[in-house]
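Following the working numbering, the residues of the sequence shown are numbered contiguously, the last one being 388.
Some hints could be false.
To be verified - Now the in silico label distances, taken between C-beta atoms and shown as ranges:
(1) Lys-281 x Asp-371: 51 to 57 Å
(2) Glu-310 x Phe-272: 56 to 62 Å
(3) Glu-364 x Gln-285: 37 to 43 Å
(4) Thr-266 x Lys-385: 34 to 40 Å
(5) Thr-309 x Asp-333: 30 to 36 Å
(6) Lys-328 x Ala-265: 16 to 22 Å
(7) Ala-273 x Ile-321: 41 to 47 Å
(8) Lys-374 x Phe-329: 21 to 27 Å
(9) Leu-288 x Leu-256: 47 to 53 Å
(10) Asn-357 x Gln-285: 22 to 28 Å
(11) Asp-326 x Leu-264: 44 to 50 Å
Claimed, not checked - Simulated pairs of lysine to any residue, SDA-like, Cα-Cα distance not exceeding 20 Å:
(12) Lys-301 x Asp-371
(13) Lys-370 x Glu-297
(14) Lys-328 x Tyr-339
(15) Lys-374 x Arg-322
(16) Lys-385 x Phe-329
(17) Lys-345 x Asn-314
(18) Lys-345 x Pro-382
(19) Lys-345 x Gly-323
(20) Lys-328 x Lys-370
(21) Lys-345 x Glu-319
(22) Lys-291 x Arg-322
(23) Lys-301 x Leu-320
(24) Lys-370 x Tyr-339
(25) Lys-332 x Lys-370
(26) Lys-301 x Tyr-284
(27) Lys-370 x Lys-385
(28) Lys-301 x Asp-326
(29) Lys-294 x Leu-264
(30) Lys-291 x Ala-327
(31) Lys-345 x Tyr-296
(32) Lys-294 x Gly-359
(33) Lys-328 x Asp-371
(34) Lys-335 x Leu-307
(35) Lys-294 x Glu-378
(36) Lys-281 x Leu-386
(37) Lys-291 x Leu-318
(38) Lys-332 x Tyr-296
(39) Lys-332 x Arg-292
(40) Lys-370 x Asp-334
Think of the hints as simulated: they come from the structure by calculation, not from any bench. As the structure is a computational prediction, the values presented were derived from the model and not from experiment. C-beta: ideal position from N, C-alpha, C; glycine also.
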Amino acid sequence: MVNPFNEILPIMDNLLAYSNLILSVVIALATVAMAVFAYQQHRLEKSNYQLQLFDKRYKIYEVINKRLSIILQTERFDNDDWLELIRGTQDAKFLFKDDKVQQYIELFTKNCCVLQESCQTNNGQGIAECFNWFKDQGKVIDELFEPYLKLDK
């Protein structure tokens, strides 16, 4: 008598071998898909970080430009302006790679202080000297901040 399982066993062995191969391919494809997803997530996080950094840097740029605008329009610098300048630029040392921006902010602040003192003492020459310094700062500020306010593609 012929055993019917003898004919089915080779077919079952082939089927088992193919199922292992199919499973290996599926696992490999899933691994590749996960790697692609992780890479895209990394790129998204990097872009998000760059955007957040841009926003924080731009706020500092905006505070300095606003103070400059007020000085050029009024030739004055009062305590409210002083507080806004200090509050708006206090994080600069953490947001810029080199010390150029921080040093410029300190110079800008120093000249604001000189202007404020000149205004309080009615020192016309001091006000004129400060005002002349501030007149040239719009371009300086733009050039200083430009490398930090570009978004990479």
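Hints, one by one, checked against the model:
1. Lys-281 x Asp-371: 51 to 57 Å: Once the Cβ atoms are compared, 37 Å apart, the range 51 to 57 Å for Asp-371 and Lys-281 is violated.
2. Glu-310 x Phe-272: 56 to 62 Å: Holds: the Cβ-Cβ distance is about 58 Å, inside 56 to 62 Å.
3. Glu-364 x Gln-285: 37 to 43 Å: Holds, since Glu-364 and Gln-285 (Cβ atoms, about 40 Å apart) stay within the stated range.
4. Thr-266 x Lys-385: 34 to 40 Å: holds, 37 Å
5. Thr-309 x Asp-333: 30 to 36 Å: Given a distance of about 32 Å, which is inside 30 to 36 Å, the answer is holds.
6. Lys-328 x Ala-265: 16 to 22 Å: Between Lys-328 and Ala-265, where Cβ atoms are some 46 Å apart, the hint is violated.
7. Ala-273 x Ile-321: 41 to 47 Å: Since the Cβ atoms of Ala-273 and Ile-321 sit about 43 Å apart, the hinted range of 41 to 47 Å holds.
8. Lys-374 x Phe-329: 21 to 27 Å: Between Lys-374 and Phe-329, where Cβ atoms are some 26 Å apart, the hint holds.
9. Leu-288 x Leu-256: 47 to 53 Å: holds, 48 Å
10. Asn-357 x Gln-285: 22 to 28 Å: With a Cβ separation near 48 Å, Asn-357 and Gln-285 fall outside 22 to 28 Å, so the hint is violated.
11. Asp-326 x Leu-264: 44 to 50 Å: Holds, since Asp-326 and Leu-264 (Cβ atoms, about 46 Å apart) stay within the stated range.
12. Lys-301 x Asp-371: holds, 15 Å
13. Lys-370 x Glu-297: The given pair, whose Cα atoms are some 17 Å apart, holds under the 20 Å limit.
14. Lys-328 x Tyr-339: holds, 11 Å
15. Lys-374 x Arg-322: With a Cα-Cα distance of about 23 Å, the restraint between Lys-374 and Arg-322 is violated, given a limit of 20 Å.
16. Lys-385 x Phe-329: Distance of about 18 Å is within 20 Å: holds.
17. Lys-345 x Asn-314: Status holds; Cα separation ~14 Å.
18. Lys-345 x Pro-382: violated, 24 Å
19. Lys-345 x Gly-323: holds, 15 Å
20. Lys-328 x Lys-370: Cα-Cα ~25 Å, so violated.
21. Lys-345 x Glu-319: holds, 15 Å
22. Lys-291 x Arg-322: holds, 13 Å
23. Lys-301 x Leu-320: holds, 9 Å
24. Lys-370 x Tyr-339: holds, 15 Å
25. Lys-332 x Lys-370: violated, 27 Å
26. Lys-301 x Tyr-284: violated, 26 Å
27. Lys-370 x Lys-385: Since the Cα atoms of Lys-370 and Lys-385 sit roughly 25 Å apart, the hinted pair is violated (cutoff 20 Å).
28. Lys-301 x Asp-326: With a Cα-Cα distance of about 17 Å, the restraint between Lys-301 and Asp-326 holds, given a limit of 20 Å.
29. Lys-294 x Leu-264: violated, 45 Å
30. Lys-291 x Ala-327: Given pair Lys-291, Ala-327 holds - Cα atoms ~9 Å apart, limit 20 Å.
31. Lys-345 x Tyr-296: With a Cα-Cα distance of about 17 Å, the restraint between Lys-345 and Tyr-296 holds, given a limit of 20 Å.
32. Lys-294 x Gly-359: Not satisfied, since the Cα-Cα distance of roughly 32 Å exceeds 20 Å.
33. Lys-328 x Asp-371: violated, 24 Å
34. Lys-335 x Leu-307: Not satisfied, since the Cα-Cα distance of roughly 23 Å exceeds 20 Å.
35. Lys-294 x Glu-378: holds, 16 Å
36. Lys-281 x Leu-386: holds, 12 Å
37. Lys-291 x Leu-318: Cα-Cα ~18 Å, so holds.
38. Lys-332 x Tyr-296: Satisfied, since the Cα-Cα distance of roughly 15 Å is no more than 20 Å.
39. Lys-332 x Arg-292: Given pair Lys-332, Arg-292 holds - Cα atoms ~11 Å apart, limit 20 Å.
40. Lys-370 x Asp-334: violated, 23 Å
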